[in-house]
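*Asks:* For the protein sequence lines, the chains are A and B, in the order given. Going by this note's numbering, the first sequence opens with residue 1, and the numbers climb by one from there. Going by this note's numbering, the second sequence opens with residue 1, and the numbers climb by one from there.
It should be emphasised that the hints constitute simulated quantities derived from the structure, not laboratory data. Treat each hint with caution, since some may be false.
[As the list claims (entries may be wrong)] Below are the DSSO-like pairs computed for lysine-lysine, each with C-alpha atoms no more than 27 Å apart in a straight line:
no., chain 1, residue 1, chain 2, residue 2
1, B, 122, B, 170
2, A, 122, B, 158
3, B, 136, B, 122
4, B, 158, B, 122
5, B, 286, A, 90
6, B, 90, A, 216
7, B, 158, B, 170
8, B, 32, B, 158
9, B, 170, A, 216
10, B, 170, B, 136
11, B, 225, B, 90
12, A, 122, B, 32
13, B, 32, B, 122
14, B, 122, A, 122
15, B, 158, B, 136
16, A, 90, A, 216
17, B, 252, B, 286
Since the model is a prediction, treat every value here as computed from it, not as a measurement.
Chain residues, written in single-letter form:
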Amino acid sequence: MDKFRMIFQFLQSNQESFMNGICGIMALASAQMYSAFDFSCPCLPRYNLAYGLGVLLVPPLILFLLGFVMNNNVSVLAEEWSRPRGRRGKDPAMLRYMFCSMAQRALVAPAVWVSVTLLDGKCVLCAFCTALPVEALGNGSRPGLSDRELRRILARIPCRELYEGQELIAGDVAVRYLRCISQALGWCFVLLVTLLAFLVRSLRPCFAQAAFLRSKYWSHYSDMERRLFD
Amino acid sequence: MERFRMILQYLQSNSESVTNGVYGLLALASVKLYSCFDFSCPCVPRYNEAYGLGVLLVPPAALLLCGLLLTRQPAAALHEWRRPRGRRAKDPAVIRYMCSSVLQRAMIAPVVWIIITLLDGKCFICAFSGSVDPEKFAGFANITPAQAQQLLAKVPCKDDELVRNNMSRKAVSRYLRCWSQALGWSILLILIIAAFLARWLRPCFSPAALLQTRYWSNYIDIEQKIFEETCCEHSRHFAHQCILHFFESMRKEIQLHSFNLHREEKEAEGEESLLRGITDQNQVNKLLQTWYYEKPPLDVSQVTQR
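Sequences are here, hints too, so could you generate the full structure?
*Replies:* Put into structure tokens, the structure is as follows:
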């Protein structure tokens, strides 16, 4: 009983570190999911873009929603938002604080997926191989090709064994070029996300710190009250 | 159990070791990130410099910001800097000490990335292969400058058909790698000497002031942590009292509406008192409904009368 009470107290006093732990686990799971995922570009002109962008954007959306589902405080927020006023006022600042802190934690796993995908490069290679600047990178031969034929040949760049346009543009050159762009985008995305998170965290003490402390106290109170009542 | 309690107490009291642990893990993560990252130089004249320098400088910036986000100390230092004066004076020396100690530790992971990158050499070769003087290398000497630029840009890509059989490609690569590693080791040596001097010489200048600033910066950090913990404890007790008052007021209401006077005398005996007067299904349902539709006010200063 004493053991149970101690663990309970630790988890309750350290609700934030518990939620941060879940957040970290989801981020690692997101990276692991990407490495387990067998990316397989269709190498067909219109399908490439859809597949590449789909793999880049749909799993992060799923991970974001999963982040909300796995957070215990979602039901506390929903209840607090939808309850009748009763004899206790409702504080919109507190609701906003709860929503923001949940959204911030839920955004970590999607951001990790997008970063890992961009740094790996396969997605961007698949999605944008038909948009390569052939005049700048190409070998300058086979001029009489129609646009459709050109796109059909370029779409096969991600599939090495099927690619037949070596005279048009070397496969390696194209892969390196698109991968460089993808990795540059990836690092810029990582920098942007960390900068945004840093600004949100550090600008808060400059504006309305007292209001923030109030919202934090009352959101914690709502959470405690619900748990004790249950 | 004793061990668990001891570890818990240690972690809670010694936030500095926890912080150092976090930064150490971040440095290890930086090494792992570099080894997992698939460096792929574009081998196109203008893109090489951008890519090479980007990989050398952008991840350290992101790692620095990550380091400042992961621990509580940067926020505590900023909070102390921006707070209104109130009834406690602000000591600029303490704020400076807090900021500098935070920055020093946050710089470890970025510096580790930069040093590993330089010691590995791929980044440097990619960024500066186009800046090498072609006359120094036989394979690039007797061609037009434009052609030399094209070929030099392809040096980082070993399997490219244009430079695959060029005997000077390896020479350029080794030359640039030598410079890169020399730079890496020099930076490492300078940083270690600077850290050594700072650590050893600091107590020679005003040791008493140093002790004071260290004490007060630690105090500010712990005070903030304990305030947050006390707020959590307080909200828990407040919630408990609020719920007890709610049950009490529901009991009174039920008594007012109930005409069964015998119950009044028999209740408050043993286990029945734990039920707080709510003893049947309808009363429980009414209690739960009231809890949702009419939350009680946040005021436990007196027993709430309905």
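*Asks:* Decide, hint by hint, whether the structure agrees.
*Replies:* Structure-based check of each hint:
1. About 13 Å separates the Cα atoms of residue 122/B and residue 170/B, which keeps this hinted pair within 27 Å; it holds.
2. Between residue 122/A and residue 158/B the alpha-carbon distance is near 21 Å, which keeps this suggested pair within the 27 Å criterion.
3. Proximity of residue 136/B to residue 122/B is assessed by CA-CA distance (about 21 Å); at most 27 Å being required, the pair is judged to hold.
4. With a C-alpha separation of about 12 Å, the suggested pairing of residue 158/B with residue 122/B holds against the 27 Å cut-off.
5. Restraint check for residue 286/B and residue 90/A: the C-alpha separation of about 22 Å stays at or below 27 Å, so the hint holds.
6. For the proposed pair residue 90/B and residue 216/A, the alpha carbon gap of about 25 Å is at most 27 Å, so the pair holds.
7. With a CA separation close to 9 Å, the supplied pair residue 158/B and residue 170/B stays within the 27 Å bound.
8. Distance restraint check for residue 32/B and residue 158/B: the Cα-Cα separation of roughly 25 Å lies within the 27 Å cut-off, and the hinted pair is therefore satisfied.
9. For the given pair, residue 170/B sits about 61 Å from residue 216/A by alpha-carbon distance, which is inconsistent with the 27 Å threshold.
10. Restraint check for residue 170/B and residue 136/B: satisfied, since their Cα atoms lie roughly 13 Å apart, inside the 27 Å limit.
11. Distance check on the hinted pair: residue 225/B and residue 90/B sit about 19 Å apart at the alpha-carbon level, within 27 Å; holds.
12. The straight-line distance between the Cα atoms of residue 122/A and residue 32/B is roughly 21 Å, inside the 27 Å bound, and the hint therefore holds.
13. Of the supplied pair hints, the one linking residue 32/B and residue 122/B holds, its CA atoms being roughly 16 Å apart against a limit of 27 Å.
14. Restraint check: the Cα-Cα separation between residue 122/B and residue 122/A comes to about 21 Å, which is no more than 27 Å; the hinted pair holds.
15. For the given pair, residue 158/B sits about 20 Å from residue 136/B by alpha-carbon distance, which is consistent with the 27 Å threshold.
16. Restraint check: the Cα-Cα separation between residue 90/A and residue 216/A comes to about 14 Å, which is no more than 27 Å; the hinted pair holds.
17. Between residue 252/B and residue 286/B the alpha-carbon distance is near 13 Å, which keeps this suggested pair within the 27 Å criterion.
Violated hints amount to a single one, hint 9; each of the other numbered hints is respected by the structure.
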